[in-house]
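S.K.: Okay, here's what each chain looks like letter by letter:
There are 2 protein chains.
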Amino acid sequence: MKVTILGCHSATPRENAHPTSQFLEMKGRHFLIDCGEGTQMQLRKYRLKFTKINHVFISHLHGDHFYGLIGFLSTLGILGRTKDLHVYGPKGLKEIITLQLRLTSSYNEYHIVFHELESKSSELIFEDEKVRVFTIPLKHRVYTNGFLFKEKIGDRKLNIKVVKQYKEIEVCDYQNLKNGKDFVLENGTVLVNETLTNAPTPPLSYAFCSDTKYKENITEIIKNIDLLYHESTFLEDRADLAKKTMHSTALEAAKIAKLAQVKKLIIGHYSSRYKDLSLFKKEAKTVFENVVLGEEGLSYEL
Amino acid sequence: MKVTILGCHSATPRENAHPTSQFLEMKGRHFLIDCGEGTQMQLRKYRLKFTKINHVFISHLHGDHFYGLIGFLSTLGILGRTKDLHVYGPKGLKEIITLQLRLTSSYNEYHIVFHELESKSSELIFEDEKVRVFTIPLKHRVYTNGFLFKEKIGDRKLNIKVVKQYKEIEVCDYQNLKNGKDFVLENGTVLVNETLTNAPTPPLSYAFCSDTKYKENITEIIKNIDLLYHESTFLEDRADLAKKTMHSTALEAAKIAKLAQVKKLIIGHYSSRYKDLSLFKKEAKTVFENVVLGEEGLSYEL
Chain U
1 MKVTILGCHS
11 ATPRENAHPT
21 SQFLEMKGRH
31 FLIDCGEGTQ
41 MQLRKYRLKF
51 TKINHVFISH
61 LHGDHFYGLI
71 GFLSTLGILG
81 RTKDLHVYGP
91 KGLKEIITLQ
101 LRLTSSYNEY
111 HIVFHELESK
121 SSELIFEDEK
131 VRVFTIPLKH
141 RVYTNGFLFK
151 EKIGDRKLNI
161 KVVKQYKEIE
171 VCDYQNLKNG
181 KDFVLENGTV
191 LVNETLTNAP
201 TPPLSYAFCS
211 DTKYKENITE
221 IIKNIDLLYH
231 ESTFLEDRAD
241 LAKKTMHSTA
251 LEAAKIAKLA
261 QVKKLIIGHY
271 SSRYKDLSLF
281 KKEAKTVFEN
291 VVLGEEGLSY
301 EL
Chain Z
1 MKVTILGCHS
11 ATPRENAHPT
21 SQFLEMKGRH
31 FLIDCGEGTQ
41 MQLRKYRLKF
51 TKINHVFISH
61 LHGDHFYGLI
71 GFLSTLGILG
81 RTKDLHVYGP
91 KGLKEIITLQ
101 LRLTSSYNEY
111 HIVFHELESK
121 SSELIFEDEK
131 VRVFTIPLKH
141 RVYTNGFLFK
151 EKIGDRKLNI
161 KVVKQYKEIE
171 VCDYQNLKNG
181 KDFVLENGTV
191 LVNETLTNAP
201 TPPLSYAFCS
211 DTKYKENITE
221 IIKNIDLLYH
231 ESTFLEDRAD
241 LAKKTMHSTA
251 LEAAKIAKLA
261 QVKKLIIGHY
271 SSRYKDLSLF
281 KKEAKTVFEN
291 VVLGEEGLSY
301 EL
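Those sequence lines, one after another, are chains U and Z.
First residue of the first sequence: 1, per my numbering; consecutive thereafter.
First residue of the second sequence: 1, per my numbering; consecutive thereafter.
Keep in mind that the hints were calculated from the coordinates and are not lab data.
Hints may be right or wrong, so weigh each one.
One copy or two, it doesn't matter: identical chains are merged, so the pair holds either way.
Stated by the list, open to error - Taking lysine-lysine and the BS3-like style, the derived pairs with C-alpha atoms no more than 27 Å apart in a straight line are: (1) Lys45 - Lys275; (2) Lys244 - Lys91; (3) Lys94 - Lys49; (4) Lys83 - Lys244; (5) Lys264 - Lys223; (6) Lys152 - Lys130; (7) Lys275 - Lys49; (8) Lys52 - Lys275; (9) Lys150 - Lys2; (10) Lys27 - Lys45; (11) Lys52 - Lys27.
Turn these sequences into a full structure, and let the hints guide you.
M.R.: Take a look at the structure:
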């Protein structure tokens, strides 16, 4: 699992201060999370395999989280994409994109499948054989979701040394063993699965939470996850502004991380009023030790 | 008069290959011409006074010429703009922008005045006391206009040494002289204006022509102008593609410049298939000497 931060600044974009977007690789899937203006340039800059993206998740309809989407989609069309692309986001996104594609006379060869979100409860919005994605209802000035990406538990791992000791176990039996089944020898002896296999690699999980005011009940959804990105637009010195604009402070992001007992926290979505970003990390560390300061181009791999 | 190229590459944007946008300063006015994705970052990068822009001109509804507009307009709102902003562009642009402002719950404090263009003939679309702007109907895959920016002829310049020799000429008479009037002395002697004033500074003119196939009759509109930007997406080696996609080659851009007898030509809107841009200049120079290769950040001042 690998997350790459393409932009982690709030509101008005500038050079080296791109708006929110992240590229997530999980079990061979490639997900784009939010898509502020300039995202397609950032994807190219960091040489990410953006044509492999099949699923785009948009948290909310504020410009710094989706104004780059139409350009990204158009570029995929120009590059000759034919495969379906799925876009998950608030109601209204489909209207914005389709109007522009129509008025620009874009004849995309590929189909954009919109999944418009309206629920205020967490819901499963994507599932395949290896990954599940759930919404995390957030609280901001407009309807907003975070997203929880969870690997499914994989196969048990064959203890091949032990397995090879039994001539009766053939290659065609391996998948049953990986699935956790015991093996019965011809003489009736039962080989308990745990003696033939080891536990699967623990599945990883990543949650993206932006934008939101401090919302304690999201910790039920993101309990014990491996990695959490939580917005921290302000420091506590401007807690008044955080409250007014429905954003979080670095301290609040850290509180969420602590309550949810996540393994690691990445912060971002910094207000441009702060010049020294290290203060965000310092503030968060006062309540949660394992903090990473989000930065453009930062790749975090587990 | 000063033109700054913010982007001069075609189709899909990448780092150091931004889509079309130009910032034009003329007689103290600040105009934005086209606004591809990332334009607001480029305006900041080159430290241009983008909050002074009151008029935006969009040539056509292809993404690489206007996908940055919604972000630019939103940023002006976030920065607290209250003054009207005028946007000139094809029919449809208003619908695209207003839908996004509505769905993002953007409460701009300023008013965006849309001037939707539909005419297929050149028309005067802006005029104040110092500048006029005309459309230049172009021929592309969608409805497209170039724009001609013309300074008005200014006041005649007082020959102050001569004027001061006549005690009867008072300061309150100066504007009449600047307007070209003769002065009659008390004794009836007529002082011919040309003896008291010099000709005004010649008014400058700039034309922006992108995107378009080779269209010879635009030379009537841009005859003898000081500076012409004309697209040159391809070289003659891909004249077939230029024809098919309704773009121009560098040679064709130069032919237009020569026919219109402009003083200088800037080329741009290069296809990403070409790595060595100097070939564009070389090709154009075979028919028109005074060519500048458009580049990001290039400022051209007259």
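S.K.: Evaluate each hint against the coordinates.
M.R.: Hints, one by one, checked against the model:
no., hint, verdict
1, Lys45 - Lys275, "both (24 Å within a copy, 17 Å between copies)"
2, Lys244 - Lys91, "within (25 Å within a copy, 38 Å between copies)"
3, Lys94 - Lys49, "within (25 Å within a copy, 35 Å between copies)"
4, Lys83 - Lys244, "between (43 Å within a copy, 26 Å between copies)"
5, Lys264 - Lys223, "within (12 Å within a copy, 65 Å between copies)"
6, Lys152 - Lys130, "within (5 Å within a copy, 68 Å between copies)"
7, Lys275 - Lys49, "between (32 Å within a copy, 22 Å between copies)"
8, Lys52 - Lys275, "between (35 Å within a copy, 25 Å between copies)"
9, Lys150 - Lys2, "within (13 Å within a copy, 54 Å between copies)"
10, Lys27 - Lys45, "within (23 Å within a copy, 38 Å between copies)"
11, Lys52 - Lys27, "within (13 Å within a copy, 49 Å between copies)"
Against the hints set out earlier in the document, no violation occurs for any number.
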